[in-house]
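> This is what each chain is made of:
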Amino acid sequence: MKIIKKYIPLAIVFIFGMITLASYYVPHRTSEEYLEWINRWENIVSAFALFLGMISLFYVHYKKIERKVDGWGYSLFVYIGFLIIMVAAMISHGDISKGGKVTCLGWTFNNIYNPLSATMFSVLAFFIISTAYRAFRIKSTSAFMLFLAGLILMLGNIPLGEIIWDKLFSWTHITIAEIKNWIINVPSTAGKRGIMIGIAIGAAVTSLKIIFGIERGYMGKD
Amino acid sequence: MKETLNKMLKIDRRWLFLLLTFAIIIPILKPIGIPSKSTSDAVKDIYDFIDKLPPGSTIILSLDYDPSTAPELHPQAAVVLKHAFKKNLKVIIMTFLAGSGGLIDELVRTIPTKYSKEYGRDYVLLPYMPNILAALTQMSSNIYAFYEKDIDGKPLREYEMMKNIQSYKDIACVVDITGTAILDYWVAYVGDKYKVPILGGVTAISQVGYGPYLQKKQLKGLIGGMKGAAEYERLISEVGKGTSGIDALNIAHILVIVFIIFSNIVLLILKFL
Amino acid sequence: MMKIIKFSLISLFFISNLFAMPSKSKKQAEQKNQNIELSSLQLIDYPSDRGDMIILKWDIEKENDLTYEIYVSTNKENWIKAKEVKNGEWTLEKIDLPFWMWNKKESKNAVLLEVTKIFSISEEDFFDKYKDGFKLYAKLNILNKNKRFETQIVEGMAKGNWFRTDRLNSLITVIIVSLVFFIVVSHAKKKELFIRRIAGLDAIDEAVGRATEMGKPVIYVPGIGSMSNISTIASVFILGEVGKKIAQYDATIKVPHYDPIVFTVAKETIKQAYIEAERPDSYRDDINMFITQDQFAYAAAVDGMITREKPAACFYMGYFMAESLLLAEVGASAGAIQIAGTDIDSQLPFFVTACDYTLIGEELYAAGAYLSKEPMLVSALKVQDFGKLLFIIFASILSIILIIAAKTGSTNFTNTILDILKVR
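Chains as they are written, first to last, in the working numbering: chain A, 1 to 222; chain B, 1001 to 1273; chain C, 2001 to 2424.
Read the hints as simulated data drawn from the structure, not as lab findings.
Accuracy of the hints is not assured; some may be wrong.
As the list claims (entries may be wrong) - DSS-like cross-link-like pairs, simulated, lysine-lysine; straight-line CA separation at most 25 Å:
1) LYS6/A x LYS2422/C
2) LYS2081/C x LYS1193/B
3) LYS2129/C x LYS2094/C
4) LYS1195/B x LYS2407/C
5) LYS2104/C x LYS2076/C
6) LYS139/A x LYS1154/B
7) LYS1169/B x LYS1037/B
8) LYS2086/C x LYS68/A
9) LYS1216/B x LYS2094/C
10) LYS1169/B x LYS2310/C
11) LYS2310/C x LYS68/A
12) LYS63/A x LYS2254/C
13) LYS2407/C x LYS2422/C
14) LYS2422/C x LYS1193/B
15) LYS98/A x LYS1271/B
16) LYS1193/B x LYS2094/C
17) LYS1195/B x LYS2108/C
18) LYS1117/B x LYS1193/B
19) LYS2216/C x LYS1163/B
20) LYS1195/B x LYS101/A
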């Protein structure tokens, strides 16, 4: 049992990890074909995993409906929504429009999915304002630097900000756009590159740990 | 007074949301027309590049965004398409994102007719393709290996504008409008490898991350967010959703700045009380 | 007499040659096809490629206004014009290969030819038919003012190579780092190695304790990455440790999932965590739930969960994009203690402002070692530090050298250093 649960997965990870690492240094067509083959297998495994996920989704919501817990009506909507889109997709054969006319699926996409998705993204704007009101309070020097950089970037991003800056600080002979570009190109990029280098090295070492079986979190514990 | 000030610091977020709602809705309903002073270099670069293409050149317009990022990216796609049609360029529209179908549909239902452009002669729509890497690589030698038929299932080769198109060597440039990392794929697998000029359109938050590509000219130009779309609309002298949204963007930004300054003033007063 | 005969014969010879001289047009025709032997002309396989590229090279001539027409063929009969280049326009320097592959200073014309494009063969057909290599012939037509010369035919083979010699620098770096990795890990001591304090990870105990006291659940969000993301793997490891603590304190945890594969792995992880904490009876299957693979639908579902359940603690560990602030802000409004960790730099500002503790980039990767204190994992952290140290040293020294080289105008040396640093 230990062989199946522990050693075989470790062997698979090691073999495929080493081959994929080696394929970076092998330009031959064989190496490209291997990568394409692995991608196809990844898609197949994902499809099976999605099936398992769907079972879990329906099971969890079924239990909520069965026990009539608080908000069980929302769980009913999971089934209803799923059925509506499935039926629409089957009627339209997966097409959003046919011969210039919007199909059933296209209608659900334009009138249900589009607005819902756009709404969720637009909620971000409101959350940004409440976070900014709460978080940009100057309680230390670094908070002040954060506030200053944020202020300059916000002003630099809008035409009105350029007008305000020109009215107040035109005597400096420096435009807000120049300061904004400097902040983005110099300190911001420098910090970003530092974080990226750390992440890249960390990712490389973590990959080695996974390939050589030292990090086994993905398998569940021993 | 201290209590009042403390209450102000801990104000219910919903009041802030309400103020922001008014700040966005009012300029959209009644545009103010705040003048824009400058155009960013990256937007100017993309405009110049497309403007200098000879009429009849074919470009690829890859639209890879879904409804969540549509407010920022849809105006960009619209303005690029309008510019391409104004310059009598041929456009191959494609996508690698399943959720963008409806948005592309909306684009081609309105814009081509305005410029008297005909499907098959001036533009074609390719179907959604899930395997982006394979598609990008295959198109370097033969577009039809992956895109045998158009979105309506008709053979692609039979369209008038596709008669002399075989691969990237027949394409003048690629414009990718996306809210995902798909632009990175175009730059790495097409721009760098096959030396095809790549131009991009991204959300405002992602724009900063493409600075290195612009510096090294791996990206010939970049439109960033709604502001970028508004700047481009001004360059082609056409008012669109980018321009109409910019007033709301201005007021919303100012409101955020006002709130931040206000909360800091209140904090300062409380410190001395 | 003999002299007269000799003289007559020689005169006759020359007179007959005079008549044999071709007319002007014929002369021109012969000049168009004038053959020339170019000894330096070579057709060589492009090194370190998959087999569809070949290089034609020959010496750069002193005469500047020469134009070369390159013709290629597979059978010496049907010639295709591949390219037209000027003398000195395309050289070895312009071909992006490092100095250890060939001498770039050689004064040669070098033109890269892509076989599939020239012969209009699809890549699939090409690699199916020409597995062992593609033989082709090439020749040059040299245009010099009004004169045309045709060179000899050279042959070459475009073959797939098995090693990318241009990536030798990166391979050496990988080998060095791997060797250090093995040495450090094999000497992993039982004695505790020092790791600096990571506030976010120390706060896990506090968060779980708070959840137990308040009788509220802990919500753990593993992000929207797949199992191939390093940050997701790190997140699953932290989930195991958090799960163990939850089981020990008998608190509740809920883990909503975006990716079905991560869902199956996390399920196993949590189950194992409960077994290790000797609370297998407390484990429930619905701790992990798959929500959806749509980014904002997932964010909406998790927001709803946070708003209804009012958790005591929220963990956001893994790969996040635009939904990061949606989750963090709702968690903040629910009054939960929030610990976040991601390697996506564009989302870090949102987490830093909205959460109580944030793990930045590699702190997330270090979580495994930090929480478990396993000697081997901690030793691997030291390898990360070594890698960073190596980078700092190289970057500093080479930057100084490059500045000096650029100022003194030694471009060859500068190019050599840049070749060593470039990853192709």
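> Indicate, hint by hint, whether the structure satisfies it.
Status of the hints after comparison with the structure:
no. : hint                  : result
1   : LYS6/A x LYS2422/C    : violated, 40 Å
2   : LYS2081/C x LYS1193/B : holds, 23 Å
3   : LYS2129/C x LYS2094/C : violated, 31 Å
4   : LYS1195/B x LYS2407/C : violated, 31 Å
5   : LYS2104/C x LYS2076/C : violated, 31 Å
6   : LYS139/A x LYS1154/B  : violated, 65 Å
7   : LYS1169/B x LYS1037/B : violated, 38 Å
8   : LYS2086/C x LYS68/A   : violated, 81 Å
9   : LYS1216/B x LYS2094/C : holds, 17 Å
10  : LYS1169/B x LYS2310/C : violated, 58 Å
11  : LYS2310/C x LYS68/A   : holds, 20 Å
12  : LYS63/A x LYS2254/C   : holds, 15 Å
13  : LYS2407/C x LYS2422/C : holds, 21 Å
14  : LYS2422/C x LYS1193/B : holds, 16 Å
15  : LYS98/A x LYS1271/B   : violated, 66 Å
16  : LYS1193/B x LYS2094/C : holds, 14 Å
17  : LYS1195/B x LYS2108/C : holds, 23 Å
18  : LYS1117/B x LYS1193/B : violated, 33 Å
19  : LYS2216/C x LYS1163/B : violated, 66 Å
20  : LYS1195/B x LYS101/A  : violated, 39 Å
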